[in-house]
Amino acid sequence: MRFDVVIRVGTKLILPFILLFALYVQLHGDYGPGGGFQAGVIAAGMVILVALTFGIDQAKQVAPQALVQRMVPLGVLIFAGTGLVGMLYGQNFLDYSVLGPVAPSARERGILLVEAGVLVTVSGTMLSMFYAFVERGR
Amino acid sequence: MQAIQVFAEHYNYVVTIFLMMAGLYIVIARGNMIKKLIGLSIFQTSVYLLYITPAKIIGGTAPILDPAFKVYSNPLPHVLILTAIVVGVATLALGLALVVRIKEAYGTVDEDEIFAKDGEQ
Amino acid sequence: MALMTLLAITTIAIVRQRNLFGVVILAGIYSFLMASVLIVLDAVDVAMTEASVGAGISTVVLLGTLHLTGGLELERPRRALLPLFSVATVAAVLVWGTLSLPPFGTADAPIHKHVAPRYLEKSVEETNVPNVVTAVLADYRGYDTLGETAVIFTAGIGVMLLLRRGRGRRKPDGAADDTGAAK
Chain A
15 MRFDVVIRVG TKLILPFILL FALYVQLHGD YGPGGGFQAG VIAAGMVILV ALTFGIDQAK
75 QVAPQALVQR MVPLGVLIFA GTGLVGMLYG QNFLDYSVLG PVAPSARERG ILLVEAGVLV
135 TVSGTMLSMF YAFVERGR
Chain B
245 MQAIQVFAEH YNYVVTIFLM MAGLYIVIAR GNMIKKLIGL SIFQTSVYLL YITPAKIIGG
305 TAPILDPAFK VYSNPLPHVL ILTAIVVGVA TLALGLALVV RIKEAYGTVD EDEIFAKDGE
365 Q
Chain C
3 MALMTLLAIT TIAIVRQRNL FGVVILAGIY SFLMASVLIV LDAVDVAMTE ASVGAGISTV
63 VLLGTLHLTG GLELERPRRA LLPLFSVATV AAVLVWGTLS LPPFGTADAP IHKHVAPRYL
123 EKSVEETNVP NVVTAVLADY RGYDTLGETA VIFTAGIGVM LLLRRGRGRR KPDGAADDTG
183 AAK
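Protein chains in written order, with my numbering: chain A, 15 to 152; chain B, 245 to 365; chain C, 3 to 185.
Because the hints were derived from the structure by calculation, they are not lab data.
Quick reminder that beta carbons are idealized off the backbone N, C-alpha and C, glycines included.
Take the hints with a grain of salt, since some may be wrong.
Using 27 Å as the maximum straight-line C-alpha spacing, the simulated DSS-like pairs for lysine-lysine come out as follows [claimed, not checked]:
no., chain 1, residue 1, chain 2, residue 2
1, B, Lys280, B, Lys361
2, B, Lys280, B, Lys347
3, B, Lys361, C, Lys115
4, A, Lys74, A, Lys26
5, B, Lys361, C, Lys124
6, B, Lys347, B, Lys361
To list a few chain A residues with every Cβ distance to chain B over 12 Å, as calculated [what the hints assert, rightly or not]:
no., residue
7, Ile21
8, Gly50
9, Gly54
10, Leu66
11, Lys74
12, Gln75
13, Arg84
14, Gly104
15, Met140
16, Arg150
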């Protein structure tokens, strides 16, 4: 299957901005609409665009399958680990106020960590699902 | 006159129920499994609307706090539905994976043909 | 209101369309319309998720499935009367039920009297996060989100297990059988 030159150049131009937008959505989620779920899906969408334009092998160089599959449980572990830190300091599970000296900023830090966990799991899951369907079709 | 007013005030709910019933109809009346799953996800999106509609306050704004605004929509249904959407697509993919396996085992994704093949054995 | 009507029209098209490829594209249109409706209803976070997930990922996954299974729905002689009747009955009951719900957009509906005002008042003070949706998602209802993440994790594992090519252990007649095959 030959890929059109317009699509290839256009994809190359747009890729870094998609990734940048995913990071913006992730890190700006406290102040505007966004968060781990949306950012994870957008980041996965970037790799899927690479796969659609340049073929699945190129996409696997960008995001290796082994890495993507390890990301799926890693995100849940980051989330649960953040919760366990609260338990280690004698507070409730998922109580973030122990993550810093002042409670509000500590809880903000906890929210960022948890959102990072969500990002890792969501993007990992979406990509490994996509890879699974593609592998099956070969 | 009053009936029209009640209908206008509940128009969102009426459309929500229409979408819900369209999804249910696809699930019941169509035999193709992919079509059934799409019907199921239409049903699911109508539930999103059912949750988000009552959260809206006329004159309110999105729940991102700013000194310039006083009235905000209710953030709680937004949170519930946000996670439900992503879980919804994950379960949709799981269902589609099952459909792919059924296709490989039976050679078809149509419900009646699958039942017919089961009856032969 | 116009957007809601468009949603209903798109749904009718989805029900009537027999070509599954067309159905998938219509489902993408449906998702974008749904995202627009959600923006009008002030749910910006949800709209963003619906636009990226519903129109992006699920379209890709559906197209991948169509590639594997083929895209035409069979014309079938099944009678549509009984499903139509039962669906209409359920719809009538549900509409009757919604008539007693508070009208659209009123500020003193019961849903706005419960925990929501507390979230809106205290979230900046307690967590420094002005986007209340994020604060509730990750902090106040953290257990909930952890559970949802675990569900996504489980579904992802399930898809990978179902679609993985078995290595070594195959039935002699060539039928794909990779249950329990070690990687």
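Here is how each hint holds up against the structure:
1. The straight-line distance between the Cα atoms of B:Lys280 and B:Lys361 is roughly 20 Å, inside the 27 Å bound, and the hint therefore holds.
2. Our distance criterion of 27 Å between C-alpha atoms is met by B:Lys280 and B:Lys347, whose separation comes to about 15 Å.
3. Restraint check: the Cα-Cα separation between B:Lys361 and C:Lys115 comes to about 56 Å, which exceeds 27 Å; the hinted pair is violated.
4. The suggested pairing of A:Lys74 with A:Lys26 holds, with an alpha-carbon distance near 16 Å, which does not exceed 27 Å.
5. For the suggested pair B:Lys361 and C:Lys124, the alpha carbons sit about 61 Å apart, so the restraint of at most 27 Å is broken.
6. For the given pair, B:Lys347 sits about 12 Å from B:Lys361 by alpha-carbon distance, which is consistent with the 27 Å threshold.
7. Residue placement check: A:Ile21 keeps its beta carbon more than 12 Å from all beta carbons of chain B (closest about 25 Å).
8. A cut-off of 12 Å between C-beta atoms contradicts the statement that A:Gly50 is not in contact with chain B; the least separation is 9 Å.
9. Against chain B, the non-interface label of A:Gly54 is violated: not every CB pair exceeds 12 Å, the least being about 8 Å.
10. Every CB of chain B is more than 12 Å from the CB of A:Leu66 (nearest about 17 Å), matching its label as outside the interface.
11. A:Lys74, annotated as away from the interface, keeps every beta carbon of chain B farther than 12 Å; the closest lies near 19 Å.
12. The claim that A:Gln75 lies off the interface holds: its Cβ sits roughly 24 Å from the closest Cβ of chain B, which is beyond the 12 Å cut-off.
13. For A:Arg84, the shortest C-beta to C-beta distance to chain B comes to about 18 Å, beyond the 12 Å cut-off, and the non-interface label holds.
14. With a least beta-carbon separation of about 28 Å from chain B, A:Gly104 lies farther than 12 Å from that chain, consistent with its non-interface assignment.
15. Listed as a non-interface residue, A:Met140 fails to keep its Cβ farther than 12 Å from every Cβ of chain B; the least gap is roughly 8 Å.
16. Annotated as non-interface, A:Arg150 brings its C-beta within 12 Å of a C-beta of chain B; the closest such distance is 6 Å.
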